[in-house]
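Between the sequences and the hints, there should be enough to build the whole structure, so can you do that?
Line by line, the protein sequences are chains A and B.
Numbers 1 to 348, taken from the numbering used here, label the letters of the first sequence in order.
Numbers 349 to 479, taken from the numbering used here, label the letters of the second sequence in order.
If you're looking for bench data, these hints aren't it; they were derived computationally from the structure.
Incorrect hints may have been included.
Claimed, not checked - Here are the computed lysine-lysine pairs in the DSS-like style, where the Cα-Cα straight-line distance is at most 27 Å:
hint : chain 1 : residue 1 : chain 2 : residue 2
1    : B       : 395       : A       : 323
2    : B       : 413       : A       : 83
3    : B       : 458       : A       : 332
4    : A       : 341       : B       : 458
5    : B       : 395       : A       : 341
6    : B       : 458       : A       : 323
7    : B       : 413       : A       : 345
8    : A       : 83        : B       : 458
9    : A       : 332       : B       : 395
10   : B       : 413       : A       : 341
11   : A       : 246       : A       : 287
12   : A       : 88        : B       : 458
13   : B       : 458       : A       : 345
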Amino acid sequence: MRPDDDVGIIGYGVYVPVYRIRTAEIARVWGKLNDDLPVEEKAVAGPDEDAVTIAIEAARYAIRRAGIRPDEIGAVYVGTESKPYAVKPCSTIVAEAIGATPNVLAADYEFACKAGTEAFQASIGLVASGMVEYAMAIGVDTAQGRPADALEYTAGSGGGAFIFAKKSHETIAYVEGSYSFVTDTPDFWRRDGDRYPYHMGRFTGEPAYFRHTVMAAKSLMAELGLRPSDFDYAVFHQPNCKFPLKAARYLGIPEEKVKPGLVCSMIGNTYSGSSMIGLAAVLDVAKPGDRILLVSYGSGAGSDAFSFVVQDAIEEKRDRAPKVSAFLSRRKEIDYSMYAKFRNKILM
Amino acid sequence: MVTSAYWRTRLHRYRLVGNRCAVCGKAFFPPRLVCSYCGSTKLEECKLPERGRLVEYTVVYSAPKGYDVVVPYVVGIVELENGVRVVAQITDVDVNEVKEGMEVELTIRKLPEQLEGGMICYTYKFRPVIG
Ligand SMILES: [Zn+2]
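What follows is the structure in structure tokens.
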């Protein structure tokens, strides 16, 4: 999909909570061996944090980089599967907190881990059509895995916010095109009222993550007439450290182009935040002219693929707010008992 | 917290909006009806700086209902860059690392939930500066 008018990112921001639990600590509690853990550690939302507070932090940083007034933002979309309210939007709270209300479009998106990039697509369309000047798309989660389940080792907390506008000298990276690849694939779900999700073990690999990620990326390249070697960086959804590297191998993209955006070993799988924090980590280091492939994945299932080309404004804007590396080095380690208390796993 | 009271004060809570005396220029947070310096009632809404310095603090061990999960926590007086002092919770810090004089910045966090299924209240707190 290509917008008639060129659209790009003019500001971005991320937020990752300060608390970390090491996967070795989780393995200790459940009597699992320490070899082959999917990530080193994961970010844990503190007791006063949720998807809304993380979204607000990321959004405020994105506005700082964009250098716009919050009341100029025409749409605020929050993509998440960890909504604090089952009914009542996160986006209204975020829009009010950042000062975008009341003349604004606001809604929550839901599509497992690709809710944030789904919001990218909508934002790009609204901006390209001229319906709004600026649109903000946020992907954020405070994911929970059932205690002792494989997901408990990776389900982390964090988010990213991106502001889109028509291409100008303010553009950090413009969108060359996007492609969405969606099928009905039951690899992972959480029923209404349930606290923890179900997942289909090995089934989550080939027919789910890899098929959608690879097909979206290949179709995008075909549509834009690009080859894997045209990309300087590739960012994939990061449910663990192995999947993104394997997807890159399927596409013929070398590891060095994936690693700069690979943050899951330090913060875990931040679900809707995952590929967006990865994109931010790449923007933190990319040069004008670099081309970035972004491919999200959401269970259920689908992938959104985007090609971004970095512009000159990145050099001046990236230092206006903390980079991803600042959040990776800011950490307070907690043990399993504190983690259980923070994440409301203890019945009182 | 009462829903209507939370709704009325949400802009102060979310954006650190206080007010300023139109006569003598002093700023206040939370907003005041009468200037405590010159007695004027002409006060105008103003957005306060989001960074400041922790001037004083105390550690709360004996807390109200619902705060069991966050005890012990730090409550402090933050002097903002324009001199206005705000009383707020200091978050993301261990009790043994908090220091007077530390640089802090605004963050919006949720208050402990008092009632299962009730409204979630988000409000201003401060945390150490990032980056
Ligand atoms: Zn006065």
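Hint check:
1. B:395 - A:323: 26 Å, holds
2. B:413 - A:83: 24 Å, holds
3. B:458 - A:332: 20 Å, holds
4. A:341 - B:458: Judged against 27 Å, a Cα distance of about 16 Å means the pair holds.
5. B:395 - A:341: Not satisfied, since the Cα-Cα distance of roughly 36 Å exceeds 27 Å.
6. B:458 - A:323: 24 Å, holds
7. B:413 - A:345: 19 Å, holds
8. A:83 - B:458: Judged against 27 Å, a Cα distance of about 14 Å means the pair holds.
9. A:332 - B:395: 32 Å, violated
10. B:413 - A:341: OK: residue 413 of chain B and residue 341 of chain A at ~16 Å, within 27 Å.
11. A:246 - A:287: The hint holds at about 26 Å.
12. A:88 - B:458: Distance ~16 Å between residue 88 of chain A and residue 458 of chain B Cα, so the pair holds.
13. B:458 - A:345: 18 Å, holds
Checked against the numbered hints given earlier, this structure breaks hints 5, 9; the rest are met.
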